[in-house]
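Engineer: Spelled out, the chains give:
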Amino acid sequence: MSDLIDEIKTLIIEALNLEDVTVADIDTDAPLFVEGLGLDSIDALELGVALHKRYGLTLSAETEETRQYFASVRRLAEYVSAHRNH
Amino acid sequence: MMPPLLRRRAYPLGRAALEVLYAPALAYADQPVVFCSRHAEIDRSLVIQQALAAEGPVSPQEFSMAVHNAIPGLFMIAKKSRAPVVALASENQLALSGILEALAQIADGAPSVILVFCDGPLPTLFSPFIKNEASCFAFALEMTAGKDYCLGYDEAGTFTETPSALSPGSALPLLRFVLDETRNALTLTEMADWQLLRLAPEVGHA
Chain R
2 MSDLIDEIKT LIIEALNLED VTVADIDTDA PLFVEGLGLD SIDALELGVA
52 LHKRYGLTLS AETEETRQYF ASVRRLAEYV SAHRNH
Chain C
12 MMPPLLRRRA YPLGRAALEV LYAPALAYAD QPVVFCSRHA EIDRSLVIQQ
62 ALAAEGPVSP QEFSMAVHNA IPGLFMIAKK SRAPVVALAS ENQLALSGIL
112 EALAQIADGA PSVILVFCDG PLPTLFSPFI KNEASCFAFA LEMTAGKDYC
162 LGYDEAGTFT ETPSALSPGS ALPLLRFVLD ETRNALTLTE MADWQLLRLA
212 PEVGHA
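These protein sequences, in sequence, are chains R and C.
Each residue of the first sequence is one higher than the one before, counting from 2 in the working numbering.
Each residue of the second sequence is one higher than the one before, counting from 12 in the working numbering.
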């Protein structure tokens with residue numbers, strides 16, 4: 002799981018052009034949006050596209066379920082690990 | 012300095028424009044902004060079209076910035092300013108278009124207007140269609156009401172200065188003119204009917 006967590010952190014940094022942010026800077030359990038990393042709704046969409054391309058995941062927008070998966074890198078890694086198609 | 016979370020959304024050309032907007036000398040104070048660029052971040056549209064052609068889903072981040080007013084919009088968000096923004100595009104009358112817009116806003120009561128000009132080379136895909144390539148530049152001017160310059164129109168096109176100094180697609184001649192106090196006129200159109208004239212200082216003017 003820790004490899005996947007680092008992989009997802011790298012994906013976030015690359016997909017969202019996070020300048021001067023390293024894998025070590027991202028707190029695995031901190032919120033990704035608004036607080037924590039401070040990402041916004043456009044980033045959520047961008048991340049959705051990146052997760053689709055990388056893992057074949059399709060996340061439906063604006064559901065409570067999706068919000069939970071996007072709560073932190075750890076939650077995202079758990080979701081990817083359970084649902085990935087490639 | 013622009014917060015990194017906003018800055019990451021800009022391409023190099025947008026960053027150049029933001030750099031001049033953030034220049035200490037400009038000391039931006041909520042003035043209206045007139046953003047003038049032939050194509051702005053045109054390479055972004057190409058990235059989107061190529062993604063559409065190749066794989067389907069396009070980047071929401073790219074799409075959200077693929078409008079002509081994206082860069083001044085980013086600046087206004089960072090500055091939390093609600094001042095008006097106008098984004099203009101023009102091939103070879105960029106300087107004139109920007110000056111006319113700023114003049115109109117001043118005539119309408121704005122005490123000061125910030126003009127931003129920027130452009131860069133087109134992506135190489137477009138090279139067969141390019142006549143006059145722009146180099147990458149960005150500069151900002153503040154316009155206030157005063158007696159240093161005026162805009163001149165001569166329908167007959169009898170202005171003496173030839174339009175050879177015109178560089179289509181680029182507003183750089185405007186910057187050179189403003190900086191070169193030995194010149195008294197800048198031709199703004201190929202017809203040579205519009206000129207920006209530098210007025211002589213008034214005698215006794217403080």
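Hints are computed from structural coordinates only; laboratory data are not their basis.
Since the structure is predicted, the reported quantities are computational estimates derived from the model, not experimental observations.
Check the hints yourself; a few may be wrong.
Partial selection, computed: residues in chain C whose CB lies under 10 Å from chain R [unchecked claim]:
hint, residue
1, Ser70
2, Phe74
3, Ala77
4, Val78
Derived CB-CB ranges, DEER-like [as the list claims (entries may be wrong)]:
hint, chain 1, residue 1, chain 2, residue 2, range
5, R, Asp41, C, Asp119, 28 to 36 Å
6, R, Gln69, C, Leu114, 48 to 56 Å
7, C, Val189, R, Asp21, 33 to 41 Å
8, R, Gly37, C, Phe137, 18 to 26 Å
9, R, Asp30, C, Pro15, 20 to 28 Å
10, R, Ser82, C, Leu63, 28 to 36 Å
11, R, Thr59, C, Leu114, 50 to 58 Å
The following residues of chain R were derived to be distant from chain C, with all beta-carbon distances above 12 Å [unchecked claim]:
hint, residue
12, Asn18
13, Val24
14, Asp44
15, Glu79
The C-beta atom is built at its ideal place from N, Cα and C for all residues, glycine as well.
Engineer: Less than 10 Å between beta-carbons is the criterion; does serine 70 of chain C satisfy it with respect to chain R?
Structural biologist: 6 Å, holds
Engineer: Please verify that the nearest CB of chain C lies beyond 12 Å from aspartate 44 of chain R's CB.
Structural biologist: Aspartate 44 of chain R is in fact no farther than 12 Å from some Cβ atom of chain C, at 7 Å.
Engineer: Should the hint that phenylalanine 74 of chain C touches chain R count as held when the rule is a Cβ pair under 10 Å?
Structural biologist: 9 Å, holds
Engineer: Measuring from the C-beta of valine 78 of chain C to each C-beta in chain R, is the shortest one below 10 Å?
Structural biologist: Hint on valine 78 of chain C: violated, closest Cβ of chain R at ~13 Å, above 10 Å.
Engineer: Per the hint of 18 to 26 Å, is the separation of the Cβ atoms of glycine 37 of chain R and phenylalanine 137 of chain C within bounds?
Structural biologist: 41 Å, violated
Engineer: Just to be sure I understand the hint, the distance between the Cβ atoms of aspartate 30 of chain R and proline 15 of chain C should be within 20 to 28 Å; is that true here?
Structural biologist: 22 Å, holds
Engineer: Find the nearest Cβ of chain C to the Cβ of asparagine 18 of chain R and say whether that gap is larger than 12 Å.
Structural biologist: 4 Å, violated
Engineer: Does valine 24 of chain R clear chain C by more than 12 Å, comparing its Cβ with all Cβ atoms of that chain?
Structural biologist: Valine 24 of chain R is indeed farther than 12 Å from all Cβ atoms of chain C, at 17 Å.
Engineer: Starting from the hint 33 to 41 Å, judge whether the C-beta atoms of valine 189 of chain C and aspartate 21 of chain R obey it.
Structural biologist: Holds, since valine 189 of chain C and aspartate 21 of chain R (Cβ atoms, about 36 Å apart) stay within the stated range.
Engineer: Is the gap between the beta carbons of serine 82 of chain R and leucine 63 of chain C within 28 to 36 Å?
Structural biologist: 31 Å, holds
Engineer: Given alanine 77 of chain C as an interface hint, is the shortest Cβ-Cβ distance to chain R below 10 Å?
Structural biologist: It is violated, given that the least Cβ distance between alanine 77 of chain C and chain R is near 12 Å, above 10 Å.
Engineer: Would you assess whether glutamate 79 of chain R, listed as outside the interface, keeps its beta-carbon beyond 12 Å of every beta-carbon in chain C?
Structural biologist: 24 Å, holds
Checked against the numbered hints above, the structure breaks hints 3, 4, 8, 12 and 14 and satisfies the rest.
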